[in-house]
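Chemist: Protein chains in written order, with UniProt numbering: chain A, 1 to 289; chain B, 1 to 289; chain C, 1 to 289; chain D, 1 to 289; chain E, 1 to 289; chain F, 1 to 289.
Incorrect hints may have been included.
Repeated chains share a single entry, so a pair holds when one copy, or any two copies, can fit it.
Mimicking SDA-like on lysine to any residue, the simulated pairs with C-alpha atoms at most 20 Å apart in a straight line are [unchecked claim]: (1) K24 to S52; (2) K24 to S216; (3) K287 to N175; (4) K76 to S52; (5) K284 to S3; (6) K24 to G162; (7) K24 to L218; (8) K76 to D160; (9) K24 to G54; (10) K287 to S216; (11) K24 to E161; (12) K287 to D6; (13) K284 to P220.
Read the hints as simulated data drawn from the structure, not as lab findings.
There are 6 protein chains.
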Amino acid sequence: MNSPNDTARVLVQALPYIQRFHGKSVVVKLGGAAIDAELDRALAQDVLLLRSVGVRCVLIHGGGPQVDAMMRRVGKEPEFRNGLRVTDEETLEIVRMVLVGKINRDLVGTINREALEDPVAVGVSGEDGGLLQVTPRESSLGYVGDVSLVRASVLHRLLDEGLTPVVSTIGADGNGQPYNINADEAARAIAVAMAAEKIVYLTAAPGLLEDVADESSLVPRLTSAELRERIGHASVSAGMIPKLQACADAVDAGVGTAHIIDGRVPHALLIELLTDEGIGTMVKREKSW
Amino acid sequence: MNSPNDTARVLVQALPYIQRFHGKSVVVKLGGAAIDAELDRALAQDVLLLRSVGVRCVLIHGGGPQVDAMMRRVGKEPEFRNGLRVTDEETLEIVRMVLVGKINRDLVGTINREALEDPVAVGVSGEDGGLLQVTPRESSLGYVGDVSLVRASVLHRLLDEGLTPVVSTIGADGNGQPYNINADEAARAIAVAMAAEKIVYLTAAPGLLEDVADESSLVPRLTSAELRERIGHASVSAGMIPKLQACADAVDAGVGTAHIIDGRVPHALLIELLTDEGIGTMVKREKSW
Amino acid sequence: MNSPNDTARVLVQALPYIQRFHGKSVVVKLGGAAIDAELDRALAQDVLLLRSVGVRCVLIHGGGPQVDAMMRRVGKEPEFRNGLRVTDEETLEIVRMVLVGKINRDLVGTINREALEDPVAVGVSGEDGGLLQVTPRESSLGYVGDVSLVRASVLHRLLDEGLTPVVSTIGADGNGQPYNINADEAARAIAVAMAAEKIVYLTAAPGLLEDVADESSLVPRLTSAELRERIGHASVSAGMIPKLQACADAVDAGVGTAHIIDGRVPHALLIELLTDEGIGTMVKREKSW
Amino acid sequence: MNSPNDTARVLVQALPYIQRFHGKSVVVKLGGAAIDAELDRALAQDVLLLRSVGVRCVLIHGGGPQVDAMMRRVGKEPEFRNGLRVTDEETLEIVRMVLVGKINRDLVGTINREALEDPVAVGVSGEDGGLLQVTPRESSLGYVGDVSLVRASVLHRLLDEGLTPVVSTIGADGNGQPYNINADEAARAIAVAMAAEKIVYLTAAPGLLEDVADESSLVPRLTSAELRERIGHASVSAGMIPKLQACADAVDAGVGTAHIIDGRVPHALLIELLTDEGIGTMVKREKSW
Amino acid sequence: MNSPNDTARVLVQALPYIQRFHGKSVVVKLGGAAIDAELDRALAQDVLLLRSVGVRCVLIHGGGPQVDAMMRRVGKEPEFRNGLRVTDEETLEIVRMVLVGKINRDLVGTINREALEDPVAVGVSGEDGGLLQVTPRESSLGYVGDVSLVRASVLHRLLDEGLTPVVSTIGADGNGQPYNINADEAARAIAVAMAAEKIVYLTAAPGLLEDVADESSLVPRLTSAELRERIGHASVSAGMIPKLQACADAVDAGVGTAHIIDGRVPHALLIELLTDEGIGTMVKREKSW
Amino acid sequence: MNSPNDTARVLVQALPYIQRFHGKSVVVKLGGAAIDAELDRALAQDVLLLRSVGVRCVLIHGGGPQVDAMMRRVGKEPEFRNGLRVTDEETLEIVRMVLVGKINRDLVGTINREALEDPVAVGVSGEDGGLLQVTPRESSLGYVGDVSLVRASVLHRLLDEGLTPVVSTIGADGNGQPYNINADEAARAIAVAMAAEKIVYLTAAPGLLEDVADESSLVPRLTSAELRERIGHASVSAGMIPKLQACADAVDAGVGTAHIIDGRVPHALLIELLTDEGIGTMVKREKSW
């Protein structure tokens, strides 16, 4: 329980961070792991608070587990190759329905519920306004694409209007054929194209760990070069690799900092951006902390 | 096969219509009936052409048959009461996935494919930016809502940016709970809130017929008062009643004209708006044709 | 000492207030009593934090004690009639120098020091751009004026540019003759002309007290009508009367709420605006809390 | 007679051209040869239609025959040297009256008549706003000038306001002395200065002919280099030479394409710009058709 | 010869007038009487100076004598009925050529010559952008029209761009048929539609005279009511009546003041607007000088 | 006494200068020497007149003698080292009060008095909006600073709003500590940062003199190189040296011309800028007069 006095002190301690990030873009990638309603609500509050202090937040979400569930519900077994979902036409349709028609909707709804009189969240798929243009990855995977072009102005125009975009990572190729895109990778491409100040990955781990079995062995900060070295190590979990790769690529392409933080901690985003302590792992191009 | 000469003549005949509708808003409601890819492509071309001559088009779509199909696919039987879908939580989730995650996506994709280098279509759900706020209709129907507020600025801002909104008719109540909305009714509410020049219903009939069994018995034009008189008649098919009601309500609330046209005719929209002949039934408040 | 977790919780609790006051104008009157450097610094942080969440703050200051000190330093004894400073030409010159050339400067300096890379405070006297036009009060008082016109656009234009005005309450009559103005009264006139959401008086008391000798007898809220009734009471200190009068007048002329709070409490302004508890006395036109 | 269906098809075929030329500038030079009222009306419709699909049209006109007629009417014999009109002071005054006060007026009137409620055409002489600044060509020709500076912003500002400029090719030197300018040449200078997408010459021939005596021997397209080679050939009529020269110069200076088309064909402009077939001769810098 | 000192004093004396007229519109009607090049130059300087101090000047010109001369040159005798020119089609064409193609051109040229590096004058006919819409006066007069609609935005948009419009008083009816308009009357209609601060008639007389034979009997100021009384008097010359009528009508319709001044005095316009003395006759609605 | 005719002639002679300086910035430095009320009034008129013809004037003032007087009044003796005021904390406070709270106020008041209904002057200290950032000069001088950064946008934004800034030359270092700045030097830094057309020093001498004892030995114009050569000469008064240095530095850093003129001559500023004669000494980078 905080006294009003404590409250003021806390707000004032956040001021230098607010001043630093005002007007900057921050791209936040949510994990596809089963999302807790209370955590979602806390995240919505974080995003609205950051917006109210002038941070331009874009949310990117995946949705692997929910897609798997829906596929099984219609009697289709998910299939993966090197960690990537084999995506035939029927799968693509299900991916699209689940991401755009369910997960994105729930996120938009949660934010707008917290936003009270001024609903600011809008759902965006990578197909809208040609936001994410893709090239096919390899034919054996079916409709799985790599981002070849980001039309960042679609997002900037929404942000300029005071709206907060929530992005599903479906893209389209030059012929308008939709493709499934890895969400970690799409988040990176968007952050780079927006010249974002930060990209933040919310994960089900405290960050990058020295020892994957020991949650207290967090690596608080490292350079992109140091990060690249670790990617091959045995100590790194397979699921973490695309995120680590994306973090290194993002900062090397001009994004200010990349963060891997624990999405299971309520308000982790706010803590990472507006407090001295921070949580999770931060990646920069140069050693300048 | 047209000669260049004919081409020019046709274009020039369209000029007075172009001059009249430039800068005006036109709301187009697509039927939920199974949509033909070729017809969709023709509609996409119509919308892009109207946009290029300065018409501000908004597309609204339903999707009843596709929702039914998906429900059955996951082993759930659709249930209706007085023509309205009984919508429990699971049904709502399926409606939302099909409308927002499938039908809307396909329409956006089709338009952007025709738009070539300049993808302009963006999908919008009534939940985005609080576009459609609803109140529940009656508890026995579950999550079926009536539009109580339209935030038309969400659409006008997209149109001002040169984007073409494609709207799924899911709304939310004051607590952010999503609701299913009748698409005919949502289209009317949007047209009125936008102060649209026209609302156009694309249907699977030539328009309003004197004799429902005789497609040649089209009523080309009538006032909203005349239309209201006919709504009770035996000659009117049940499925047509909500559209007729919406047409009468729209023009009485200030929309310039309401049209019921045949969505099975390629380019019906363009023909209705840019040629002398027109097709289908036109409703105005006053006898001024 | 707050944990990051507490920090986040505090920030999130402030969110509804931030949403409510975003884009609104708040006029803050500082007392002329000797100002503590640390308190000033806390106030500067409050103003910057409010600015960063979109509140349009204007600071108004008086400076009676400092004027008295300067007068005595040049060998002139301050003289008052009914609580108002008798202001001959020499006194006016000293008032102006102390208010505009010293107190205003110190406040601007303190805010800009906290603002780091983005110095946003600008000093404004009521003579600048004709901000405060006055008529003389009564000849025996010399150059003491009442505000007859506020050119609020001078302040709005600065706020639109992202600047934070700090106002000294010197005005000028139609012939450009400067006049001294009561700062409580000038703050009210400015808040009304700006159609401010709030006017806040920082005083050397906890607020309006039931019993002036008992600081715990605070009246937390009352209507302007209730306040007017109390103004004549013996329980009200003489120095408080102009502030109470100004509060009642402000809310009756359209300002949302008026507040009298304790300027001796660090961050009192932030606590009053962004926390549930609030401190001090709040005045509204109607009983709607 | 077209069916509505044909109409729609024609409109849709024009769509890719509309998309390509939207927002681009097109400079159209009308011949000075006796102009048929019906052809003028068709041209006015073409210009209005192009404007309605976002093409920024500027019309440039000459007027040789009408000047000759007026000169003879006041008892003065036209005199030419190397195809250029010898222009003494009295001649200059007649040229100016006929171009600005008659031909320009008739064109503006014709367009505004077709534009119905929204008269958009405005007459502009090269003297207005200093649009065309000239240097004298050679003293023996009198007041005949070459364009030395085009203030294209005069035209762009009118186009930005939705107005359609109709330009008479009178310019002025640095001392404000008016000069007569060759209209083919002025059109080229304007197109280059505007960074136009197209310059179109409407002539009394089908275009560039292989055999000047055989109207079916049209050269449909060639590069500027190929065009320059032909200019000296016997097969090219003298009157065509300045146009050919201007076409080659225009595309070499950055104008997208130059066209010589048959002004005697109704709607030739529209056919050339918005249909697959095109008519007349098209010149580009590179062989890229 | 003025000393620099005198110069400064003169400039400073003009300051209050400059402050008063800054941003205001002033419509100046030039007489059609033979215009002296030196007087024209002085007028151009006046207009440029007024423009440089923020006055929005519009020039309107007639041209009776020059039309007569041109008509006779092509062998046609001018004919008048009740002071109005009988205007058959041929006459209309000559009127248009002389006004738009000669007088307007000369004025534009003179102003741009004085404007040096920044040519700001643009010629406008009442047909351009539909500026002056007319209804025919009476059939026996042929193409003589009365102004029924002024599209003042055409002029305001040019003025907003820093351009100075010079207007020829040719208008068009709803079918685009051009008509000759009395210039005094057109100037009034334009001043009223622009909500001008002043309308100024430059004439070949010192103003309104008590005794038409005595140039020293100037009436310096009178109300519109007083002016209307005098219009019928024998002392008023026939040629002055339309101007007097227009002055009274203009101020009664909201124009600030109307002036009749001596166009034969160099810089009469500047003297009237920027000095204490003024020259000529001033008309106001109320006696407030 | 001027006749209206002379008045007009004078105004017209100023026209070319007005055309040349329209939209340009002019920085005017006023001497700190005792200022005569009548001269101040004349200067205010000059500034308002220049503003009304589109010149963007910024006034910079010093105030040495008035600071000395105030210091003595509170019993403190002014102390100088190499012509620079030794500035301890108490001195700094007095300097700030006198400059910002007295001299600046009087100038703002004088201009607004002359500006009548439209008070345009606003006082600005170098601390406002961080206008003047400084580094300390040398510790023995105390709080005397050199300008290290000018935030010229503070001034440009005020000018864009139609306001006229009057600047006191107090600046602040990175920690917000205020410093006294030499006003001649601050004026130069501001003129350079604004890319001003002119910097004008109003002094108590006719300009640069060949023989300091002979006021008729004025050097009317010279290059910055010629000026630098003279700075060391015995003929140059010590007080003039910083101004001469500043003039040479200003034009070498891109300011169009620098002027030293006689502030004792009423309207000297206007005479220098708007008449052929000019007064005082003009410095340019190149010999191009």
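Chemist: Under the constraints set out in the numbered hints, which ones does this structure not fulfil?
Modeler: Going through the list in order, the structure violates hints 2, 3, 4, 5, 7, 8, 10, 12 and respects the others.
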